[in-house]
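Number of protein chains: 2
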Amino acid sequence: MKKILFIGVLFLAIFERGLGQTLSSPDGDLLMTFSLQDNGTPTYQLNFKDAEVIKSSQLGFDLKNDEVDLMDGFTIADTQTSTFNNTWVPVWGEEKEIQNHYNELEVNLIQEETGREMLLRFRLFDDGLGFRYEFPQQDNLGHFVISDEKTQFALTGDHTAFWVPGDYDTQEYDFTESKLSEIRKHMEVAITDNVSQTSFSPTGVQTSLMMKTEDGLYINLHEAALINFPAMHLNLDDKSMVFESWLTPNVNGDKAFMLAPAETPWRTVMVSDDAREILASKITLNLNEPNKIEDTSWIKPMKYVGVWWEMITGKSSWAYTDDYSAVKLGVTDYEEAEPNGKHGATTSNVKKYIDFAAKHGFDGVLVEGWNIGWEDWFGHSKDYVFDFVTPYPDFDLEEVRDYAKSKGVEMIMHHETSGSVRNYERHMDEAYQLMKDNGYNAVKSGYVGDILPRGENHYSQWLVNHYQYALEKAADYQIMVNAHEAVRPTGICRTYPNLIGNESARGTEYQAFGGSKANHVTILPFTRLLGGPMDYTPGIFEMDLSKVNPENDSHVNSTLANQLALYVTMYSPLQMAADLPENYNRFMDAFQFIKDVAIDWDESIYLEAEPGDYITVARKEKGSENWFVGNVNGLEERTSEVEFDFLDEGKTYIATIYADGKDAHYKTNPQSYTIQKFAVDYKSKLKQMSAPGGGYAISIIPAEKSELKGLKKL
Amino acid sequence: MKKILFIGVLFLAIFERGLGQTLSSPDGDLLMTFSLQDNGTPTYQLNFKDAEVIKSSQLGFDLKNDEVDLMDGFTIADTQTSTFNNTWVPVWGEEKEIQNHYNELEVNLIQEETGREMLLRFRLFDDGLGFRYEFPQQDNLGHFVISDEKTQFALTGDHTAFWVPGDYDTQEYDFTESKLSEIRKHMEVAITDNVSQTSFSPTGVQTSLMMKTEDGLYINLHEAALINFPAMHLNLDDKSMVFESWLTPNVNGDKAFMLAPAETPWRTVMVSDDAREILASKITLNLNEPNKIEDTSWIKPMKYVGVWWEMITGKSSWAYTDDYSAVKLGVTDYEEAEPNGKHGATTSNVKKYIDFAAKHGFDGVLVEGWNIGWEDWFGHSKDYVFDFVTPYPDFDLEEVRDYAKSKGVEMIMHHETSGSVRNYERHMDEAYQLMKDNGYNAVKSGYVGDILPRGENHYSQWLVNHYQYALEKAADYQIMVNAHEAVRPTGICRTYPNLIGNESARGTEYQAFGGSKANHVTILPFTRLLGGPMDYTPGIFEMDLSKVNPENDSHVNSTLANQLALYVTMYSPLQMAADLPENYNRFMDAFQFIKDVAIDWDESIYLEAEPGDYITVARKEKGSENWFVGNVNGLEERTSEVEFDFLDEGKTYIATIYADGKDAHYKTNPQSYTIQKFAVDYKSKLKQMSAPGGGYAISIIPAEKSELKGLKKL
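Going down the list, the sequences are from chains A and B.
Residues 1 to 714, numbered by full-length UniProt numbering, are exactly what the first sequence covers, in order.
Residues 1 to 714, numbered by full-length UniProt numbering, are exactly what the second sequence covers, in order.
Next comes chain A alone, as it looks inside the complex (with noise of 0.2 Å):
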């Protein structure tokens, strides 16, 4: 049901003259003032139940080229207000449904020395803001170079923030907690190595930034649907508490070639007192444009292993040779190289994978390294580095491919472009042709090192726009992507909801590369998983990864009850089951969780939260009376107190409890669990411990009552 009301002036919003024009949100606790200042510059403001979230803060653009910004000099031609309320069905989710409720403001402005015509776009949930600005087809507006843009984001004090360094070329990094006024002081340190990274602010950071205020409300900037614009970072005035809008250049400085007509990424404030809403916020969603591709029936969810975390911690390699420290496609003869010995794509080792996913029911198998061109695959600024569909001597495309069909699994593609933009785009048809051929309905595709056209970041117009024509493409397809080291996702899954993955974050990997700090799950569903799911690669059994390769010396911060937590707290349509099968081989009986686990649900509930200390979620399986509940923790041991009052109230089932054992510790005994099961239903409650960087998990499965005989009551 689509509804939209248009509703008198005087009720949503109140104009007066001086005072500007207010919107409230649907159950009124959130308020939104829009007005002028005495130049013309246009401000908003916003309250959450009479405190206020938002000073008056100002919104416009620095124009290239132009005399006149597009800044000040605006009067109001025309104001309207409306009000928007439906459900959705998406095709992957949290949600069997979405609501998408919102009252909003809509403000044409003028600016008469030019006679241009900007327009805001405000709309307020009961969660949050969402606002953007619009540019109609206009005689005196086609096209326009934005040198900055000005939104600020004037907060009230100085709050607790959750933040990574902003860049243009990674985020990849640890989130650091600190005051606003101390992210200076933390930002060396914050600046952690990347291959590919650029800085540009002392205090710059990046979105989502989760903020906490001393009143104990919940703020998070982030922004929704960023499509042909470069992405939004954030720079404070560590004086005023200012955050403006600081966007990715591209080569030359520039942010944004615009043509109306046309409208900017929509920028998000959310706003709650209670840090649950934060997570369970669909406003990102809500802001993107509703699902454009019709048959949907290809795009399926998936649960996968990989040729891959046997690279990650060293112990194969992508490339199949030594021989060489450079390569050059179509000259360099492989058959004539020697073989290193470790590479991790042979067809053999592929076939191992397999056959572990076929025996535990895993849908895909990811292969990373099969490809020809690994050998200098990164750093050296290679344009023509991979065409996408030449197998090394050792990977059997067509072998690979009738085994796997002949076990049930699909079989995931790679695609990783180190920053080669260009190469790519050659090559796409060729390669999303190789795999509908070879039966690959998904690809994990990636962005290494530093960008081809050169001088252009990760996060600028032009790679946003190379992202989106990549994601179009394989639509047109009708292949799921997984995009990583891409921008950060903003909400285009609703949109393309063949966008089944990105990285965009520090992931699993880095805790090979060194570790990862042990409360980094407890921040990224409040900040990277805002704007989409995650390809976060849990599942690390073996913690000490000089057990995997004797040469890498990482260890894996956090505990085995947190990995498979992870499965349920870090949602995402794709998850992958990332250590060797021969460390599940060791823990079956935990394993077991990672098998049963649903990755697509009716329905989320997030019990507990607090950034950077604990969230804990239960979810329904879709389709099915099954849940699952997942808790990670933060630093300090805490014991997690949760009520089963989300079951049904007729039913009994058997939970099952993946926990930290008692002297468990990310660092000291990650591998302490205990694993017990018990009857419960919906009266039931449960006091579980989670140790430092640990967690538990829960299986939650329907049982007849003489199912339940001899087990405990919870």
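Think of the hints as simulated: they come from the structure by calculation, not from any bench.
It is possible that part of the hints are untrue.
[Stated by the list, open to error] If you anchor each label on the Cβ, the simulated ranges turn out as follows:
no., chain 1, residue 1, chain 2, residue 2, range
1, B, Glu106, A, His186, 58 to 64 Å
2, B, Ser325, A, His186, 15 to 21 Å
3, B, Tyr469, A, Gly341, 35 to 41 Å
4, A, Asp333, B, Val189, 52 to 58 Å
Since the structure is predicted, the reported quantities are computational estimates derived from the model, not experimental observations.
Don't be surprised by glycine CBs; every beta carbon is placed ideally from N, CA and C.
Based on the hints, put chain B in the right spot on chain A.
Below, chain B alone, put in the same frame as chain A:
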């Protein structure tokens, strides 16, 4: 016949410690000496008949991010000499067969400090030198970045040069004739406006650079086989008269990204004491790889007319409507737009051109402005500027296709990219496929305006790579390419003979943009044309452009007879009759020459030549006994004296001479011409006056003696 002889060092090359190693041309007139300086810097030196042409000149490169450049510290590991003599058959060209005869010296250098190998390959022809750098596959040199090429051309004096300003984005300049020492003085005036231009030095010039010494020696500097490398400019030290190569930079200022095994393009020095030998030189073609297209049956020279000059003069427009200053493909509704009433590419107007082409035996009709997007097509850094497949509402692709087919005329496609090469590459397959589906076998492509990706230049490695990509992909579709604003040709049409034309210089269009120098066409064959044919678009009969468009006060600086001669002097397998049909209808007697003249040849004989002053050439039509002679003249009236001894001894012919009238002058009386018929044979001689900016054209058709009755004998 391919013949490679390895001949003893004594015969071809003499190596003496300290004095270096010498190589002589097959006829012995040219002598090249290679030697290492004391610091191990490679040098070469070139003599012609004992006179120095190039003084000892350094060779080498500066590398980026490398402590040791490829400049010095070299020792000779090995040298090898050989001679090569064969003939090959071009798919189209000035000659039926081309001889490729040279002596070669290969010098294998080792840089001791780094262990790197660099090879210098010198090929000495009778009419000049070609040399290049090669980097074999090796352990110590894989990926590297050339920050500067340091190849020198040390001249022996203050020669006269015919030059255009060095520029990374355009070659569309008038030539300046000056002493080398005066380049600096003339530079500012020489740099005329262009919609995309990036000059770099007050003494920077482009290749091919034509020079003449005080001793009457003609020297030409250029390059051959420019593949995956930036185009070379030349920068003069005007104290020492040393030119140094100046590569077109990428966006970061880097020049070339290299990956061994690799080689540079050839650097060429043509030398002769007879200017005609420069024009006849096949060095550039010979230094390119043989034809790589197996089936060439679809590659056919074409004479064509087109909907073009009416837009160039401003009489018509490319754009369909004036309603919008900016359009958005897929959003702008052209069906709703009001036509501007002067759109050239309407179905009915195109049919007129088809009728004209069919009536007068032309092979093709070019139509520009047929596809949507021209309303804001350049100057806006617009990414999605054209889709190359969607016609304007008033151009019926199918109707035009069927009409042309019914008339036996081929349509020529037009792909203006506006410099947005990512957009072109994204649409290329679909665009080429549309062509094949509709019987288009040739495309004129264009690169007007600044390049996207932004910051790249028309002649940087990124773009050179693009032009080659477009060309090779066109070959896959059996499509011929005529690329405008692309990099200057360097003989690649030997390897890819579907490259039937390029602009890459100041073409006839500039006669409608204020005019070109009247002797421009006496210089182009000595410079631009040495690399490959030019789509110069000759054949303008109405020199007063206000008669075409009252708002255009340009004057075409050429006599009508000169325009006819261009079909012979400006060799190209693609020749346009560029003027409007109505202008041709006024001069049908003169137009007969354009109808008659051949576009492919068995033989070409340069009869007279002096850069800047005059060129007279006789060419024998392919597979025919017909000859055509063309003479273009410079700024002073001149009487050409030519002998017809190129004709078959036993044969008689009718010569139709299209010449300037007595009082003709490019400025004051350009349309004064005479047409006279004579009987000629191999003993005939002609004295023929050419006016300033004038010339003459002759068709020489075998005739029975009986047909010669009444004709005066020459």
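Task: Hints breached by this structure - done: 2
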